[in-house]
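Read off the chains here:
Protein chains: 2
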Amino acid sequence: MSSIGVPLGGQSMQLPDADYKLTNDKTKDQAASKRCGSIRLSSEEELVLKSFRVLIADLCQQFGGGHPGGAMGIAAIGVALWKYVMRYAPHDPDWINRDRFVLSNGHTCLFQYCFLHLTGYKTMTFEQLKSYHSDRTDSLCPGHPEIEHEGIEVTTAGPLGQGIANAVGLAMASKHLAASFNRPGFNVVSDHIWCMVGDACLQEGVGLEAISFAGHMRLNNLTLIYDNNQITCDGPVSLTNTEDINAKMRACGWNVVEIADGCWDVGAITQALEASRRSPLPTFVNCHTVIGVDTAVAGDAVAHGAALGSETVISLKRLYGFDPEQRYIIPDTVRDFFSGLPSQGESLVAEWNQTLQRYSQAFPDLAEEYARRMEGDLQDNWESLIPDAFPSTPTPTRAASGLVFHPLAERLDQFLVGTADLAPSVYMSWKSKEDFEPPCLGTGSYAGRFIHYGVREHAMAAISNGLAAYHPGIFIPVTSSFFMFYLYAAPAVRMGALQHLQIIHAATHDSIGMGEDGPTHQPIELAALYRAMPNLLYIRPGDSEETAGAWIEAIRARHTSSIISTSRHALPQLTGLAKRTGVAKGAYILEEVTGTADLTLIGVGAELNLAISVAAELRSSHDLKVRTVSFPCQQLFEAQPRRYQREVLQRQSGVPVVVIEAYAANGWERYADAAVCMSSNRFGKSLPGPKAYEYFGFDVPSIVARVRGYLEDLRVDPDLKHDFVELTYAKTDG
Amino acid sequence: MSSIGVPLGGQSMQLPDADYKLTNDKTKDQAASKRCGSIRLSSEEELVLKSFRVLIADLCQQFGGGHPGGAMGIAAIGVALWKYVMRYAPHDPDWINRDRFVLSNGHTCLFQYCFLHLTGYKTMTFEQLKSYHSDRTDSLCPGHPEIEHEGIEVTTAGPLGQGIANAVGLAMASKHLAASFNRPGFNVVSDHIWCMVGDACLQEGVGLEAISFAGHMRLNNLTLIYDNNQITCDGPVSLTNTEDINAKMRACGWNVVEIADGCWDVGAITQALEASRRSPLPTFVNCHTVIGVDTAVAGDAVAHGAALGSETVISLKRLYGFDPEQRYIIPDTVRDFFSGLPSQGESLVAEWNQTLQRYSQAFPDLAEEYARRMEGDLQDNWESLIPDAFPSTPTPTRAASGLVFHPLAERLDQFLVGTADLAPSVYMSWKSKEDFEPPCLGTGSYAGRFIHYGVREHAMAAISNGLAAYHPGIFIPVTSSFFMFYLYAAPAVRMGALQHLQIIHAATHDSIGMGEDGPTHQPIELAALYRAMPNLLYIRPGDSEETAGAWIEAIRARHTSSIISTSRHALPQLTGLAKRTGVAKGAYILEEVTGTADLTLIGVGAELNLAISVAAELRSSHDLKVRTVSFPCQQLFEAQPRRYQREVLQRQSGVPVVVIEAYAANGWERYADAAVCMSSNRFGKSLPGPKAYEYFGFDVPSIVARVRGYLEDLRVDPDLKHDFVELTYAKTDG
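Quick note, the sequences are listed as chains B and Y, same order. Just add 22 to wherever you are in the first sequence, counting from 1, and you've got the numbering used here. Just add 22 to wherever you are in the second sequence, counting from 1, and you've got the numbering used here.
In case anyone wonders, no lab produced these hints; they're calculated from the structure. It is possible that some hints are incorrect.
No more than 27 Å apart at the CA atoms, straight line, and that leaves these computed lysine-lysine pairs for DSSO-like [unchecked claim]: (1) Y/Lys647 to Y/Lys601; (2) B/Lys647 to B/Lys607; (3) B/Lys743 to Y/Lys607; (4) B/Lys743 to Y/Lys647; (5) B/Lys743 to Y/Lys743; (6) B/Lys743 to B/Lys713; (7) Y/Lys601 to B/Lys607; (8) Y/Lys647 to Y/Lys743; (9) Y/Lys743 to B/Lys647; (10) B/Lys152 to Y/Lys713; (11) Y/Lys647 to Y/Lys607; (12) B/Lys713 to Y/Lys152; (13) B/Lys743 to B/Lys647.
Note that the structure is a prediction, hence the values are computed from the model and not measured.
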């Protein structure tokens, strides 16, 4: 199906090949694109741009929806990238040294899908292109690019700005590998990262954080291409943004290039992009474009998120000399224009393979290591690096997290570990760590594996997604901050889980035990989000041993993200009770009774030890038979067979179950009848940790009294068994 | 207790009053502050600064914790603000025309507490100052400033950067009132907003979004004062940020002033701050300071978040000529320095009252309106503005939301309504709306009440907190975006709820019904967060009538934030069943049965109509007695008496309850035994809305089959009643 139609008047459009100066009055159509000054565009390229735009319009028209305008506006950028600038191999899409392309303004995805089709990606057939916005459940052309599909590096947008941070992560991954493996004369790692952004991406905080960070890191293997069409959904960008973006980018440490006519000037764009490979700084190419160029809605917000309408599509075809009756027209000339790219890609791969072979002879150890890393496997004995036992003294689980993780971080180069400016608090920096920093600053190198993300929680998580997306299994990014601040990072944590990326988030200072920093820091309700989030393990270990278990599960989950949620304050070691292997099942029995139990107590994380103490008190002073269960991870428990779940909880036998956790109870109703929890209608309080616990009734006498009260209430009103009961408590202030 | 101690050598510190040039070699102590060039500092001021720093050090030393370094570094800024620049009245802290001060770097709160004490705020006694980091549950000096306390405008930090956006909101509130009420010669509204920020606030995305927005809005009644100490927790800022902040701020449309010696140059700071009142742009005052100035840890990260240690405190006292044995020293000279401020404040208020009186004579109607607005009450008949009935045709609840809200927005000036660039989709812009824009752009005015926030969801919510915090009840900010993007905004939504601010978030495109934009847009798990968040109503109406109920509840909740969560797609009107008054109770019976029911079906929001249809089918084709319940808001239901809750759910009678909602089921376990829901281990899918519903089994035949299967399973295995069962379904791709 090389050509589905031919343009009318194709012959009359012959233009000189290069450096042809188009004038502004080429057409009298009011909506015609403005072509600024002298541009460089061959006749073939012009036909490609026109065919491309008509194709986009047709594809959106098909089901009456989609985002045509942006994709049409940036066609010339696509030609520059896929035809002239990017180094990639359409028939070897996962070639590790390929340039990576990220479409941060992901709603323009048809742009990418069409170029994947034209350049010869095998899975992107023409039929697939036509599945955009269709009912097909096997479509490779969803409404936004999805990482699962060939040629797509990361899932983007919708949540705008993420792509910028992802691209920064990809660029860091490449810098790190290059610093680790390249040797003079052997650039085994030499890919460049290209990221397309729209007006919106540059307004989003996560994008702005990442831009500032990339400038600091001197990521000159990164080029941001700005589709500057000055239109968003509400109308002109000037409604809400009148900043000087070029000056802002320069202030952030970027090289800035401006392209006056981003719609047509393929030559200038190509030159700017090529030059950006040699910049000492990351490059921002500000391309002035027109959304819905050459249509009746050119430069208008309505061109953004709806099909153009058949009238408008017909007019465009007429303007461009295409037969208005024909749809999905890809002229032979256009196909020919891209036809050499697969073989060109094969040559690039072959050349690189030769480099790799010479490298293997010159540096056999390094080459072996490189090959091993590319496989994505961890060394077999990684689990044995974790201490068998821990100090018996009370230890904060955040400190235990360090004891578990440091030997792993020392030995496993897969770990790229960072913090959002809480290095002294989160225990994630190991002794021999080197900082990931640009060499020019003299404080580290790109070979370093410890990343100071700054106070940029959201970008930290989004950049980590980029690190992990570079190549399957090659890195396990670790982020760290206070648990509460993972609400800042949540959109990116979600994107990691959605993309099946293994990111480990070391979240400390969970629960009200974090203390005097107060309710703004006390994560009462945040766990409810992460326990409901698909493909994410939220693990709250109760002591050092369980912390070992938490890390083991997080590392084993090669296609799942995890949050390891730890305490600020010291917790007693539950030696002989808590088991690292127990964590794998999400929940497990700590203490069993003989005969019929009166009560099952569930303890969680920093409050697990309270459950043990309360149970002991209920046994010794109140003659109750109390079972105890540790429940570090709901998601892992849900994955267990029902038989195991029933064995642990024993709700079928009618024994009441009470959970103890210093969070809102939401979600525990699945496993318990009542909760010693935070009230769901108030936040925490600024008090020293132990006092905060006491204030909300998280001490043994208070819990014992409330649990006994509950058992008595159950006796008096058996119907209470059908209500979930919150056993909350808060002192009156004063 | 005017003076608890006196400094040693006080006499020898007599310095000329003003324009005294201190030299750099004033002390040989290595840790002495650098004093750059010529500074303006009187001897009294110098004593104030020194006493202040010693006091901060003592207060942190008391309980061995807190954040001393930053507070010490910015003492001179405080003197400039509270002594010379700000217009406020310590004995009339809620005077409506006061200047507002926001401490975005809230961990330095002792800075603010001490100035509140020194300037005569009555509740901030010396005993209260000493309660910082204590066990006192009635402390007015929590670890971060809290809005509940006198002199505090907003609760800040911890979550950094929020304060910048809050200050932008305060400045917009002031601009709006000024544009609405001021008349030539009558500046009834003339307050200025001062916001202190640290290095971290300027790295956070929410701060960067707000800065860009404030520049666009030309908020020249806003001054940002940058405590540029170049230190964060990890160490020097240069580890992670080497941007040119002045150039960046200028690029964002700010006036920039630099203060070389922010530690001592009270004169220069005062001058810069005063000048900022006359700038045509918002002003950024970049004050170079030294964290922990003049101590052994000056300029070091350890000065940030821990007490200095007694040795260091003693050295500081020696250096400053204080008695090392004495603690909490506030010399009489220092008290005298501030003693005139209460009466000065009273004069300001009196003067303003006179203006107001003259204004009342000149513009009696406006003055009456102003007085009414300041009361914070809504007009009595607001509820009657809402339509009694709605079109009977299928209507998306987002459109119904517009039908309900537009007449309110037209008539109630309290509503300041904005969108994060989704005006065409969220139905929040009413016919006669005027845009809030700086007059110079020619597209609106500051009297406008519709705000184009740009693609800045997080700042939108944080700015709204500032709007609401300006004065109790004076505004009801409304934000709008797709529900999924409220994950971007979540930290600010939380801060609004925490501060008991009434913000209404109009969140559209909830559920997988939003369709082809795919899993990045489909909010599977987000409701779990908002249903667990204290003081927030998450309301999902099921048709137009319930949408009216949702708005009524959100508007009635004058001290609570709400999310009104609506559908993209058209929903049938459940006329005769759905009731706006039902929403008030969170859940209510739609259809009751006579005799014992076989099943209770709960329907929620966009899936409510499915519950009705499924119930009908189970009745007609399978002879089952099915009750139906509409459940738009868990939080409102939780507030009902248990008797009502049991009446609605009837779980005590053993009738199984199944909930239908296209979200992860987390949280429904409290009210149901099983859920027709999204699987908790996968995200949504990019398909047109109806197809997405079908794909995940949200159609009548599929639900009927699964509910019947569940009832059969219950019969076979009665123990199943103790398990919560997810009745999930997803087609195999292909």
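Evaluation of the provided hints:
1. Y/Lys647 to Y/Lys601: holds (22 Å)
2. B/Lys647 to B/Lys607: Within the cut-off at roughly 24 Å; holds.
3. B/Lys743 to Y/Lys607: holds (23 Å)
4. B/Lys743 to Y/Lys647: Given that 27 Å is the threshold and the Cα spacing comes to 24 Å, the pair holds.
5. B/Lys743 to Y/Lys743: Holds, because 12 Å separates the two Cα atoms, which is no more than 27 Å.
6. B/Lys743 to B/Lys713: violated (32 Å)
7. Y/Lys601 to B/Lys607: violated (45 Å)
8. Y/Lys647 to Y/Lys743: holds (19 Å)
9. Y/Lys743 to B/Lys647: Measuring from Cα to Cα gives roughly 24 Å; hence the hint holds.
10. B/Lys152 to Y/Lys713: The given pair, whose Cα atoms are some 17 Å apart, holds under the 27 Å limit.
11. Y/Lys647 to Y/Lys607: holds (24 Å)
12. B/Lys713 to Y/Lys152: Distance ~17 Å between B/Lys713 and Y/Lys152 Cα, so the pair holds.
13. B/Lys743 to B/Lys647: Roughly 19 Å between the alpha carbons, so the hint for B/Lys743 and B/Lys647 holds.
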